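Undergrad: Single-letter residue listing:
2 protein chains.
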Amino acid sequence: MVQIAVLGYGTVGSGVVEVLNTNQESINKKAGEEINIKYVLDLRDFPGDPIQEKIVHDADVILNDKEIRVVVEVMGGVEPAYTFVKRALLAGKSVCTSNKELVAKHGPELLEIAREKNINFLFEASCGGGIPIIRPLNSSLTADEIDEITGILNGTTNYILTKMSKEGLEFDDVLKDAQEKGYAERNPEADVEGYDACRKIAILSSLAFGNNVDFEEIYTEGITRITAQDILYANEMHMAVKLLASSRKVNDQFYAMVAPFLMDDSHPLYSVNGVFNAIFVHGNVLGDAMFYGSGAGKLPTASAVVADVVDAVKHLNRTVMTFWSSRKLSLSSIENAERRFFLRIPVVKLSEAQALFPGSEVVRVAELPEECALVSDQMSEKAFEEKAQKLGGVISRIRLV
Amino acid sequence: MVQIAVLGYGTVGSGVVEVLNTNQESINKKAGEEINIKYVLDLRDFPGDPIQEKIVHDADVILNDKEIRVVVEVMGGVEPAYTFVKRALLAGKSVCTSNKELVAKHGPELLEIAREKNINFLFEASCGGGIPIIRPLNSSLTADEIDEITGILNGTTNYILTKMSKEGLEFDDVLKDAQEKGYAERNPEADVEGYDACRKIAILSSLAFGNNVDFEEIYTEGITRITAQDILYANEMHMAVKLLASSRKVNDQFYAMVAPFLMDDSHPLYSVNGVFNAIFVHGNVLGDAMFYGSGAGKLPTASAVVADVVDAVKHLNRTVMTFWSSRKLSLSSIENAERRFFLRIPVVKLSEAQALFPGSEVVRVAELPEECALVSDQMSEKAFEEKAQKLGGVISRIRLV
Numbered sequence: 001m002v003q004i005a006v007l008g009y010g011t012v013g014s015g016v017v018e019v020l021n022t023n024q025e026s027i028n029k030k031a032g033e034e035i036n037i038k039y040v041l042d043l044r045d046f047p048g049d050p051i052q053e054k055i056v057h058d059a060d061v062i063l064n065d066k067e068i069r070v071v072v073e074v075m076g077g078v079e080p081a082y083t084f085v086k087r088a089l090l091a092g093k094s095v096c097t098s099n100k101e102l103v104a105k106h107g108p109e110l111l112e113i114a115r116e117k118n119i120n121f122l123f124e125a126s127c128g129g130g131i132p133i134i135r136p137l138n139s140s141l142t143a144d145e146i147d148e149i150t151g152i153l154n155g156t157t158n159y160i161l162t163k164m165s166k167e168g169l170e171f172d173d174v175l176k177d178a179q180e181k182g183y184a185e186r187n188p189e190a191d192v193e194g195y196d197a198c199r200k201i202a203i204l205s206s207l208a209f210g211n212n213v214d215f216e217e218i219y220t221e222g223i224t225r226i227t228a229q230d231i232l233y234a235n236e237m238h239m240a241v242k243l244l245a246s247s248r249k250v251n252d253q254f255y256a257m258v259a260p261f262l263m264d265d266s267h268p269l270y271s272v273n274g275v276f277n278a279i280f281v282h283g284n285v286l287g288d289a290m291f292y293g294s295g296a297g298k299l300p301t302a303s304a305v306v307a308d309v310v311d312a313v314k315h316l317n318r319t320v321m322t323f324w325s326s327r328k329l330s331l332s333s334i335e336n337a338e339r340r341f342f343l344r345i346p347v348v349k350l351s352e353a354q355a356l357f358p359g360s361e362v363v364r365v366a367e368l369p370e371e372c373a374l375v376s377d378q379m380s381e382k383a384f385e386e387k388a389q390k391l392g393g394v395i396s397r398i399r400l401v
Numbered sequence: 001m002v003q004i005a006v007l008g009y010g011t012v013g014s015g016v017v018e019v020l021n022t023n024q025e026s027i028n029k030k031a032g033e034e035i036n037i038k039y040v041l042d043l044r045d046f047p048g049d050p051i052q053e054k055i056v057h058d059a060d061v062i063l064n065d066k067e068i069r070v071v072v073e074v075m076g077g078v079e080p081a082y083t084f085v086k087r088a089l090l091a092g093k094s095v096c097t098s099n100k101e102l103v104a105k106h107g108p109e110l111l112e113i114a115r116e117k118n119i120n121f122l123f124e125a126s127c128g129g130g131i132p133i134i135r136p137l138n139s140s141l142t143a144d145e146i147d148e149i150t151g152i153l154n155g156t157t158n159y160i161l162t163k164m165s166k167e168g169l170e171f172d173d174v175l176k177d178a179q180e181k182g183y184a185e186r187n188p189e190a191d192v193e194g195y196d197a198c199r200k201i202a203i204l205s206s207l208a209f210g211n212n213v214d215f216e217e218i219y220t221e222g223i224t225r226i227t228a229q230d231i232l233y234a235n236e237m238h239m240a241v242k243l244l245a246s247s248r249k250v251n252d253q254f255y256a257m258v259a260p261f262l263m264d265d266s267h268p269l270y271s272v273n274g275v276f277n278a279i280f281v282h283g284n285v286l287g288d289a290m291f292y293g294s295g296a297g298k299l300p301t302a303s304a305v306v307a308d309v310v311d312a313v314k315h316l317n318r319t320v321m322t323f324w325s326s327r328k329l330s331l332s333s334i335e336n337a338e339r340r341f342f343l344r345i346p347v348v349k350l351s352e353a354q355a356l357f358p359g360s361e362v363v364r365v366a367e368l369p370e371e372c373a374l375v376s377d378q379m380s381e382k383a384f385e386e387k388a389q390k391l392g393g394v395i396s397r398i399r400l401v
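Chains as they are written, first to last, in our numbering: chain A, 1 to 401; chain B, 1 to 401.
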């Protein structure tokens, strides 16, 4: 029997307990050992809940118990999670976490400790919820050099954009609806400003490229400026607006960014709607691949955490995780990244705009007679910004995939 | 340095050599060892090709060489692949194969030998080409009880159906085009009759459910009877026809089948077009997930084979593969499977048909005034067939997902 402890009995923590109970028999069979939850750490008590007898309020009880071999950290946030996780690893306990803030900030250090101790620091649930992506990147795509990872990594924003697109609603109205349905937090900033997706793409890029991508260096733009009018144009062009978190290797330069993009139906991410997430990966021999599923939610996230627990139990004294180095990966300025741009302008500016953006396509929607839009040729971010500034009066601009 | 040998220098075999050369540095780093191809077995010679110096015509050279630790089998077909693979495993050499016929027919026996010898028998490339699915099923989805796997597992048929759908062409014409483009074999039977997909779903089902699914017991129907007229109706209903290979667990009954199905755009497989493959998986806690990518082709398939080689090299004396038992999984007759059915009938039969299929929806397309179609309510295969026979004159019928 392998004793484990769960830090945090919130949404994901209670999901982990539920999944371990529901699929107990098959999980133990796959792990090759009986897995038993000995403690659950939480500040609260849960009288009447069978979990109450396992609740402890003091992390030391867990960290000092030599019987505990695997610690599940599902508290979220950097502290005190970081302190507890580091102490657990130093005490020779493997750690499985869903905590993207922790992994994005301290991943290389915690991986290094796990490697020194011949144990595991696993974080499948930190990116893409239930979607298997960390393990496939590490152990399936090993024949490839990955040159692109582009994901829809945040379910809240994808729900909002999908609903804006299908129902023609404004951002604020859909956000309110999403908050009422529990798909968005009362403080939605981390989701709608792209911060959540930014941490996730930092983790995925670090794994794919082998060196540490600092999430604070990733250019990040949220969806708060996307309007119902932008969506009218998108629908007219048979395109969708998606918040993409993307990193690319182009001629030994690395680019990473989070921003809304327009894409057409030839891209596999086009049809990823609602709260679903998906991660598109391009390898130099594999070509295109995509991983799709529930990016959040109690049980899908718990499914990924428990899969990590199974892996940790199967490899109690052996590090399975491919490493990513603490050496910093230098990101190139996105100024040099080349792409096409969509921009809306007052109709009186059209001929001036066409002179500045030769070869661009004009898009009109009947509902907005006073304005029009252009889709530019391929150009650098820098060149686009300079021209747009020179033109003036730009109503909005969105990048194209 | 780890010495390996490649059995077969055809499309996939030459791809394996190419991938190992192209990404040599990163592959060796991930494997933790330098991987060297010592021999390539082929009946032919390749004068002028650098591979010539490694070509051997006698499998014994490889099987008797104690230096060879990993054998790549990419010959295809059951024999002599089976004999060579079994001898390699018995000699303590791990085997990585892309050979679905071999795995579907002898998987449990070969896995058992690998386990006894503490080596590995790996077959990521046997299902879904470059798409990572075997390893995710085995090591990522371990918290779940899988209750459905449904895949578009054959690129040839998906290419044909996509082209029929977009261009309104007949099956025979598209098949001819596909043969000219190299997307279909000159003898296309294994693809268009569903035999290829059948072997792949047998392997995936055996892994997901833990017991051996005999591919010969899987109900298999190809796409040769799908016509341009069927596609007219599908387009009218905003649906797509896809050849699906599917297995489900419903109330402890297991169902497996390969057949064309109609699906609408709410299903993640709907937008998988052309030669791409995708595998949809439903777990009891994960919910829906999907894995998408190139299901065939030289380099994508080689990418999966080489990823297996990396895994085999990382685990030279340790079996990593979850096992599937040789105990036979009893499949229930699809007679009892319940679903909706699309059926085309002469328009004169409509009222009779509506009496037999109460609650069904009527579909008409302008191009076919003499006929009409019904979409039935949910009913068993058996009940449908009985009613359709009683009605008589059915022009075609397609299942709905």
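Rather than coming from a laboratory, the hints here were simulated on the basis of the structure. You may find that some hints are simply not true.
What the hints assert, rightly or not - In the EDC-like style, the derived pairs of lysine to aspartate or glutamate whose C-alpha atoms are separated by at most 20 Å in a straight line are:
| # | chain 1 | residue 1 | chain 2 | residue 2 |
| --- | --- | --- | --- | --- |
| 1 | A | Lys166 | B | Asp265 |
| 2 | A | Lys29 | B | Glu145 |
| 3 | A | Lys163 | B | Glu145 |
| 4 | A | Lys86 | A | Glu53 |
Since the model is a prediction, treat every value here as computed from it, not as a measurement.
Undergrad: Now tell me, hint by hint, if it's right for this structure.
TA: A quick look at each hint next to the structure:
no., hint, in the structure
1, A:Lys166 / B:Asp265, "holds (14 Å)"
2, A:Lys29 / B:Glu145, "holds (12 Å)"
3, A:Lys163 / B:Glu145, "violated (32 Å)"
4, A:Lys86 / A:Glu53, "violated (26 Å)"
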